[in-house]
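Enquirer: What follows is each chain in one-letter form.
2 protein chains.
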Amino acid sequence: MELVKIYECLCDPTRLRLLNVLAQGPVCVCHFQDVLGEPQVKISKHLAYLRERGLVASERQGNWVIYGLAAKPSRELRANLACLQECAQSIPVFKRDLARLKKIEPLCAWVRAGDPGKAPGQCRCG
Amino acid sequence: MELVKIYECLCDPTRLRLLNVLAQGPVCVCHFQDVLGEPQVKISKHLAYLRERGLVASERQGNWVIYGLAAKPSRELRANLACLQECAQSIPVFKRDLARLKKIEPLCAWVRAGDPGKAPGQCRCG
DNA sequence: AAACCATATTCTCACGAAGGAATATGCTTC
DNA sequence: GAAGCATATTCCTTCGTGAGAATATGGTTT
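Line by line, the protein sequences are chains B and L.
So for the first sequence, numbering that gives the first Met the number 0 puts the first residue at 0; every next one is plus one.
So for the second sequence, numbering that gives the first Met the number 0 puts the first residue at 0; every next one is plus one.
These are calculated hints, taken from the structure and not from any lab test.
Since we're looking at a predicted model, the values are computed, not measured.
Check the hints yourself; a few may be wrong.
To be verified - Chain B is nowhere near these chain L residues, computed Cβ spacing over 10 angstroms in every case:
id: 1; residue: Gln32
id: 2; residue: Glu37
id: 3; residue: Arg59
id: 4; residue: Gln60
id: 5; residue: Asn62
id: 6; residue: Val64
id: 7; residue: Ala69
id: 8; residue: Ala78
id: 9; residue: Leu83
id: 10; residue: Ile103
Unchecked claim - Computed list of lysine to aspartate or glutamate pairs in EDC-like fashion (alpha-carbon distance at most 20 angstroms, straight line):
id: 11; chain 1: L; residue 1: Lys94; chain 2: B; residue 2: Glu85
id: 12; chain 1: L; residue 1: Lys4; chain 2: B; residue 2: Glu7
id: 13; chain 1: L; residue 1: Lys4; chain 2: B; residue 2: Asp11
id: 14; chain 1: B; residue 1: Lys41; chain 2: B; residue 2: Glu1
id: 15; chain 1: B; residue 1: Lys4; chain 2: L; residue 2: Glu58
id: 16; chain 1: L; residue 1: Lys4; chain 2: B; residue 2: Glu85
id: 17; chain 1: B; residue 1: Lys4; chain 2: L; residue 2: Asp11
id: 18; chain 1: B; residue 1: Lys94; chain 2: L; residue 2: Glu1
id: 19; chain 1: L; residue 1: Lys71; chain 2: B; residue 2: Glu1
id: 20; chain 1: B; residue 1: Lys4; chain 2: L; residue 2: Glu85
The beta carbon of each residue, even a glycine, is placed where N, CA and C say it ideally should be.
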C-alpha cells in the first residue's frame with residue numbers, strides 16, 4: 000500500500016522536521032544542518048530515505064544539493080502533508096525550526112538562484 | 000513527539016484497516032477477524048498495539064471484547080484519522096472491508112447492545 | 001467443576017531502521 | 001592536479017517490529 004510507505008516516512012521526528020521546513024520551499028543540505036542542529040550524516044541519510052520513496056527530489060547546484068518537495072505528489076501525499084502542516088503549527092519544535100529558517104532565508108534564496116559565477120568558495124551557513 | 004507515535008500506529012496495513020473499520024463505530028474482535036480475513040493473533044496484537052498507544056479503547060462484554068476509537072482524541076489524532084478516512088475512500092482494500100462490515104453490521108449492533116441474558120454460547124461471526 | 005469459547009500473551013525468528021564513525025564522491029578553486 | 005568544501009555511502013551495533021505457533025487467561029455454559 001502506498002499509503003503505508005507515506006506513513007513510514009512520517010514516523011521519524013527528524014524526517015517530520017525536514018518536511019516541515021521543506022513546506023516553505025526548497026532548501027540546501029547545509030541549511031538543514033543549520034536549522035535542525037543535527038549532524039550531517041543524520042540529515043543526509045534521512046533525506047535519502049525520503050528521496051528513495053519519492054517524497055522529495057534533489058538537484059545539484061555546484062557544491063550544494065538542493066532538496067524540494069515532490070513536484071507532482073499523489074492525492075494521499077498531498078493530503079498528509081497538509082495534515083502535517085496543520086499539526087506542526089502548534090508544536091514548538093517545528094515553530095523553532097521555521098524561525099531559524101527565516102533568519103537564513105536570504106541565503107537559501109541566494110543558493111536557489113544558483114548563479115555559480117557568484118558562488119563563493121565556502122558555504123555561509125555556519 | 001506524540002505526532003510520531005501516531006504515525007507509527009499508522010504505518011502498518013493491518014492497523015490502517017482496523018482503524019478504517021473502527022471509524023464506522025465500535026466492533027468486537029471476532030468481527031474484525033471476519034472482516035479483515037486475518038488470523039486471530041494478528042488482529043489481537045495489532046489492537047493491543049493501538050490500545051497501548053491510546054488510539055483505541057476496549058471494553059469486555061461477556062466472552063467478547065469490543066474495541067472503539069479513543070473517546071477524546073487529541074487534535075493531531077483527530078486530524079490524522081480524518082485524513083486517513085479521506086484517503087481510504089478511494090483505496091480498494093478499505094472499501095472491501097467496509098462492504099464486508101456492512102453485511103455483519105446487524106450482528107455488531109447486537110453485540111454492542113450487550114444483553115448478556117440473550118447471549119448465545121457461540122459467536123455468530125463465522 | 002469440567003468443557004468450551006473468545007481473546008491475550010509468550011517465545012522465537014528474521015528483518016529493517018536509526019545512530020555514529022570513518023571513508024568515499026563530486027565540484028570547485030588555486 | 002592538489003587541496004578544500006559539501007554531500008553521500010559504508011560498516012557496525014543496537015533496537016523495535018511483524019509474523020506464526022503454542023499456550024495462557026477470563027468468562028460462560030452445562
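Enquirer: A separate judgement is required for each hint: does it hold in the structure or not?
Expert: Evaluation of the provided hints:
no.: 1; hint: Gln32; in the structure: holds, 20 angstroms
no.: 2; hint: Glu37; in the structure: holds, 15 angstroms
no.: 3; hint: Arg59; in the structure: holds, 30 angstroms
no.: 4; hint: Gln60; in the structure: holds, 31 angstroms
no.: 5; hint: Asn62; in the structure: holds, 33 angstroms
no.: 6; hint: Val64; in the structure: holds, 26 angstroms
no.: 7; hint: Ala69; in the structure: holds, 16 angstroms
no.: 8; hint: Ala78; in the structure: violated, 5 angstroms
no.: 9; hint: Leu83; in the structure: violated, 8 angstroms
no.: 10; hint: Ile103; in the structure: holds, 24 angstroms
no.: 11; hint: L:Lys94 / B:Glu85; in the structure: violated, 27 angstroms
no.: 12; hint: L:Lys4 / B:Glu7; in the structure: holds, 11 angstroms
no.: 13; hint: L:Lys4 / B:Asp11; in the structure: holds, 9 angstroms
no.: 14; hint: B:Lys41 / B:Glu1; in the structure: violated, 25 angstroms
no.: 15; hint: B:Lys4 / L:Glu58; in the structure: violated, 32 angstroms
no.: 16; hint: L:Lys4 / B:Glu85; in the structure: holds, 17 angstroms
no.: 17; hint: B:Lys4 / L:Asp11; in the structure: holds, 9 angstroms
no.: 18; hint: B:Lys94 / L:Glu1; in the structure: holds, 16 angstroms
no.: 19; hint: L:Lys71 / B:Glu1; in the structure: violated, 29 angstroms
no.: 20; hint: B:Lys4 / L:Glu85; in the structure: holds, 17 angstroms
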